[in-house]
Amino acid sequence: MSNTMYLRDVRGFKGRNLLHVAAAAGQLDLCRLLVEESGIDANSTSAEGETAILVATGAMEDRTDNVVPVLRYLLDRGCDPAVPDDKGYTPLHNAAEYGHYEAVRLLLSKGVPVDPINRRGTPLHLAAAKGHDQAVKILLEHGADPNRIACRFLSPLAMACYGHSFKSMKLLVEAGADVNLKGPSGRPVLFNAVEEGLTDFVTFLLEAGADPNIHDGDGKFPIMLAAAHEQRELVNILLPWTKPIPSIPDWSIDGIIRTMKYLQLKPRESETEQIIDAKSEGKEAFAKGDYVSAVYSFTLAIQIDPLDATLFSNRSLCWLRLGEGELALTDARQCTKLAPQWAKAWYREGAALSFLKMHKKAAEAFEEALKHDPSNDEIKKALREAMRSSARAR
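The numbering of the sequence shown is full-length UniProt numbering, which starts it at 1 and goes up by one.
Simulated from the structure, these hints should not be mistaken for lab results.
Among the hints, a few may not be true.
[What the hints assert, rightly or not] DEER-style ranges, computed between Cβ atoms:
id	residue 1	residue 2	range
1	Asn236	Gly176	43 to 51 angstroms
2	Ala208	Glu37	34 to 42 angstroms
3	Leu181	Ala391	45 to 53 angstroms
4	Asn180	Glu37	23 to 31 angstroms
5	Asp290	Glu37	44 to 52 angstroms
[What the hints assert, rightly or not] Using 35 angstroms as the maximum straight-line C-alpha spacing, the simulated DSBU-like pairs for lysine-lysine come out as follows:
id	residue 1	residue 2
6	Lys357	Lys87
7	Lys360	Lys279
8	Lys371	Lys167
9	Lys87	Lys337
Glycine included, C-beta positions come from ideal geometry on N, C-alpha and C.
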């Protein structure tokens, strides 16, 4: 009796009990023992409101075998499949994000809402961002909204774009995603594809009806963004689809790139003020812990000045605080591309890679950062931790 009471009372990380630990590890027999012999409530929650079903569906992509059996057992024991934790994450969010598509199917068969939303978006946003096209397909078949906006400006299409998931993008468009949908930031997804330098995405979007003659609200068009980054192939793709812009007198690939290079060196006074305001608002939001608003502000600034490495560095850190490792890495790599001699750019890349548990690559990024700032103790510490983690993973 005392041993049973002891097992029920044990708590660990985040206030999780032994059932949470067993469910997260996919230990079906142990889950049975803890529920049926030790009397742990199948609906018991951690200090952060997590149920056993929630942590079971949060198993990483490389541990998928036992997710569904554990999930079925917990459902049979009366565990509620729709209960969110304190941050608004539901089991469906986790199953979608980690690509457990059979778990997605099972949860939806139990009638859970298909579009629960939290600060990171709906399950569809998370599946699209990670390129889990099977999960995307199942969610769409069950009525997930392909045009829902999350984080104030991100559509599922934009998430697929940031995650470089071409299959997910095709599925979303086939399901009725609006390729010209503008979020509050004023930019359709074509801008995201150009910003990421994704020629196949840009071509697909144009053929699917994306209009390259829609500006970003500040007078800039996708072809101008491509030219500002000197992406000749993208300029070449966009040119036949784009109407001549009066402010660019030489309407040729070289002429557009040359004009944009000049304009980047001569920002308008109004744009300079807008960048200063957006940066200030972003830093203020970050200081308050409002990372979604900070991302939004830094994104507005990036739209005006896509060559400012500090903006990508700041947004990368915000994404990291939001738990969006892939987006943090995308911004960090853009930062190192723009400022390859800047230690912080490589540090941001290393931090994102560490978050994604890509420890060997993280160590390489931190080593590069240390080359440019050899006396930085923070970088040295991060490098040591990445090397230790890499050694443990072998």
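Do the hints match the structure? See the list:
Restraint check, Asn236 to Gly176: a C-beta distance of roughly 30 angstroms breaks the suggested window 43 to 51 angstroms. In this structure the supplied range 34 to 42 angstroms is violated for Ala208 paired with Glu37, their Cβ-Cβ distance being about 56 angstroms. A hinted range of 45 to 53 angstroms holds for the C-beta pair Leu181 and Ala391, which are about 46 angstroms apart. Checked against the hint of 23 to 31 angstroms, the C-beta distance between Asn180 and Glu37 comes to roughly 58 angstroms, which is inconsistent with it.
Between Asp290 and Glu37 the beta carbon distance is about 46 angstroms. The supplied range of 44 to 52 angstroms therefore holds. With a C-alpha separation of about 23 angstroms, the suggested pairing of Lys357 with Lys87 holds against the 35 angstroms cut-off. Annotation: proposed proximity of Lys360 to Lys279 holds, straight-line Cα distance about 33 angstroms (limit 35 angstroms). Restraint check for Lys371 and Lys167: the C-alpha separation of about 39 angstroms exceeds 35 angstroms, so the hint is violated.
For the proposed pair Lys87 and Lys337, the alpha carbon gap of about 34 angstroms is at most 35 angstroms, so the pair holds.
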